[in-house]
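> In case you want the letters, here they are:
4 protein chains.
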Amino acid sequence: MAELEKKTRFMKALMELRELVMSGALEPGQRLSEVAVSQQLGISRTPLREAMARLVEEGFLERIPTGGCRVRQVTVADVVDSIEVRGTIEGMAVRLAAERGAAPGALRVCHDLVDRIDEALGASEAETDFEAYADLNAAFHEALGALAGSETVRREHARVSQLPLAGPSAFLQGQIAVPEIRRSLFVAQRQHRALIEAIEAREGTRAEALAREHARLARANLDYLMQRDPDEAGAVPGLAMVSAG
Amino acid sequence: MAELEKKTRFMKALMELRELVMSGALEPGQRLSEVAVSQQLGISRTPLREAMARLVEEGFLERIPTGGCRVRQVTVADVVDSIEVRGTIEGMAVRLAAERGAAPGALRVCHDLVDRIDEALGASEAETDFEAYADLNAAFHEALGALAGSETVRREHARVSQLPLAGPSAFLQGQIAVPEIRRSLFVAQRQHRALIEAIEAREGTRAEALAREHARLARANLDYLMQRDPDEAGAVPGLAMVSAG
Amino acid sequence: MAELEKKTRFMKALMELRELVMSGALEPGQRLSEVAVSQQLGISRTPLREAMARLVEEGFLERIPTGGCRVRQVTVADVVDSIEVRGTIEGMAVRLAAERGAAPGALRVCHDLVDRIDEALGASEAETDFEAYADLNAAFHEALGALAGSETVRREHARVSQLPLAGPSAFLQGQIAVPEIRRSLFVAQRQHRALIEAIEAREGTRAEALAREHARLARANLDYLMQRDPDEAGAVPGLAMVSAG
Amino acid sequence: MAELEKKTRFMKALMELRELVMSGALEPGQRLSEVAVSQQLGISRTPLREAMARLVEEGFLERIPTGGCRVRQVTVADVVDSIEVRGTIEGMAVRLAAERGAAPGALRVCHDLVDRIDEALGASEAETDFEAYADLNAAFHEALGALAGSETVRREHARVSQLPLAGPSAFLQGQIAVPEIRRSLFVAQRQHRALIEAIEAREGTRAEALAREHARLARANLDYLMQRDPDEAGAVPGLAMVSAG
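Chains as they are written, first to last, in numbering that gives the first Met the number 0: chain A, 0 to 244; chain X, 0 to 244; chain U, 0 to 244; chain S, 0 to 244.
For reference, chain A alone in the conformation it holds in the complex (with noise of 0.2 Å):
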């Protein structure tokens, strides 16, 4: 089989299982069944366990002394810190673009996707297309690890984008139903356009403060849900494996 294929079919075991993990469909603390997973998600066996290694490296799942893998109990501390991890990165990788110089074609991709994600907020939440939203912001996030145009970078901030609920779009889903996180994006997309003038002045130590600001949104938003309406944290996909412990 050719590794093109190979990887293909583990990235799709990756998502799927992943997906499934924060659903909450699992317990924490449940042993998964390699079997009954693999007929559950329609994946083989090789693909399985190579998704189950990486999600145990996630944080997701951890091994079990007695073989195999089951879901971890994730705290609100472990997101709390993994945040804090992502947005440590995401500020290392924009103050080495600042200080190195970012390529004028990856700063153009910024600031286009800057100008759509404008687009997506139309001029009030009522307007904004959420959907659109998060997939550029996506998009944004990761031209921002690459900016600095070191492949060690990138891979390191694309590796911690992955910790449970760490990613920059972790907590957009659910902000359909929340107001108080609807109107965040707003305040995100301020400081997405204050990234992108203080890499092009070549401010790294604003870029690096901003990141990590802008890190804390993401924070601020697990907070409101975990603390003030915990009805509304099952409107996040994830939220739901996260214990208040």
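Be careful, since some hints might not be right.
What the hints assert, rightly or not - When the alpha-carbon atoms are kept at most 20 Å apart in a straight line, the in silico DMTMM-like pairs for lysine to aspartate or glutamate are as follows:
no., chain 1, residue 1, chain 2, residue 2
1, X, Lys11, A, Glu56
2, S, Lys6, U, Glu49
3, X, Lys5, A, Glu49
4, U, Lys6, S, Glu33
5, U, Lys6, U, Glu49
6, A, Lys5, X, Asp134
7, A, Lys6, X, Glu61
8, A, Lys11, X, Glu56
9, U, Lys6, S, Glu56
10, A, Lys5, X, Glu49
11, X, Lys5, X, Glu61
12, S, Lys6, U, Glu61
13, A, Lys6, X, Glu57
14, U, Lys5, S, Glu33
15, S, Lys5, U, Glu56
16, X, Lys6, A, Glu18
17, U, Lys5, S, Glu61
18, U, Lys5, U, Glu61
19, U, Lys5, S, Glu118
As the list claims (entries may be wrong) - To give a feel for the contact side, a few chain S residues facing chain X, derived at Cβ under 8 Å:
no., residue
20, Val186
21, Arg189
22, Ala208
23, Glu212
These are calculated hints, taken from the structure and not from any lab test.
All C-beta atoms in this analysis are idealised placements derived from N, C-alpha and C, irrespective of residue type, glycine included.
Starting from the known structure of chain A, fit chains X, U and S onto it as the hints suggest.
Here is chains X, U and S on its own, set in the frame of chain A:
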């Protein structure tokens, strides 16, 4: 087979394969034959395959489109950026420790390790016990990664310390032979003490900056070895695989 | 004459002379006649001379080699850098407050001021009481400067807040007329709350970064007034003395 | 009288009065008699009064409610915070130089000064020419303050360098006698080189952090002199006026 034994065999395979790659015995670009490596290292195929997958993630190997893995061409830029990533995550770890407050017991361990590093250093370069220094230094950095009391932070710190030549002791084995680098150990130790002082004083900004500057010593050593004295590069395991390009 | 009365007369002279210079009534480069200014403002020569000396230090006036003072030509670059200095010192003040821990009473004062700023802002720009906002904002920033419990820090913060157009409320009087700037008050208030949150959580790095970014709002307002709408610049006292050069 | 001569007489009065206060010859709390000081230093009343006003601003003197000035009781905390202020402003100056790019000519001056500091240091502490070091060090720090090409930044940096014992060479005169501090000069010089390297590489975050850490050396020297060896404190002009409280 028990999970624990599986893990032990995986760790053994990982360390031996990593050492083999870093030794320069395999040419960059050379395809790894599972059969040959399995026989050479005397480890069975399953843990070997898992070790190869990990080394792909760490940036030592890369997958070949037609199947299998080959040794990656690691450039100086890769190592520079890996050191930057490690310094950034270590900086985050000590900043969080300073902000949240570190456990007294964990701080005592750090103090104790630094005292023992003083003993290993001796009064001057001529007296330094390098093997002891390297071990204690590795233990000290591992302790820093855990000081914030966060499993997420500890795990990420441990992971980025495995990036190619990014670990805190990556250049220590070669330092026996290189006076310039041997002197740098005394500068490093001064930074170790300042780091603990800053964490205890709850000065997170200073702690983070010190950890980053501390990682820069590794980069200075890399620059020194690559630029000024190509012959000495051979004395550092792993440098053999780094191209100047 | 009692020292207190002397000081009062000096402060009165200082404020009136500063206002006169910022009003643009005196041309940049124009020599100040002690006699004329003394009569115009109705203040005696000794406090006037002390006030002139202070305004030389603040960068509003400059000494003439042949004796006396003249109004300095303040450029946009001067104001940009003065804002940077103020943001940097304010950042240091809140970082130290976070690291050393702020007194509960002083934090309560900050919380109270921010609550009252909410009231002054109202639900939207149309409802904002600008005079109340400007007073409360000035009081809040003064409180931030004192939060570290250091007289040295408080004094330096107060001093740099007097640099040309660097103060936290420098652009507030004109904001009545400029919608773009009026909207920025709501962004500023969000930063006020985040600042207190960071100080209370002992997060010095975040507090420092927030204070710097907060000062950038003043710079954004300056840029807006100077570049996009020269006519509106007249609405802000002090901008009349700033040249684009 | 020409303005230039006036300024010269003011500067002379300022330096002599500052030296008198720092020598400890005047008790903290002691009222300064204008007549007596004027006769003692051989300077006329007008420049003396201006010098006293400046020393009030610098924190060496304080005004008495009933008129006149007295020597302020400077505490260790005052000096610690003054050093922090100077390090913060110096950090800002070098960060801006890195971000905006420093003029090649100005950088050459810095390189040249650092080369000459190497000569002044010699191969070991026994060979160090302290007088030359102190002069070159002062010139180097003055050059750093100007490197961003901003008159506002240069002026503020010069001003905070005059805060009590906050200047870069505040502890240098006493270092002839104190081995611990003499060794610190070699650490300081290492930081000088790293500072220039960071500015040239456009690494503003690193440059700022280095300048702050560099100022910490002054604080370490202060701590050393105040806590471990009260007798040696007498060797440093200015320390005589500092109380431990």
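> Hint by hint, work out which the structure violates, then give me just those numbers in ascending order.
6, 11, 16, 18, 19
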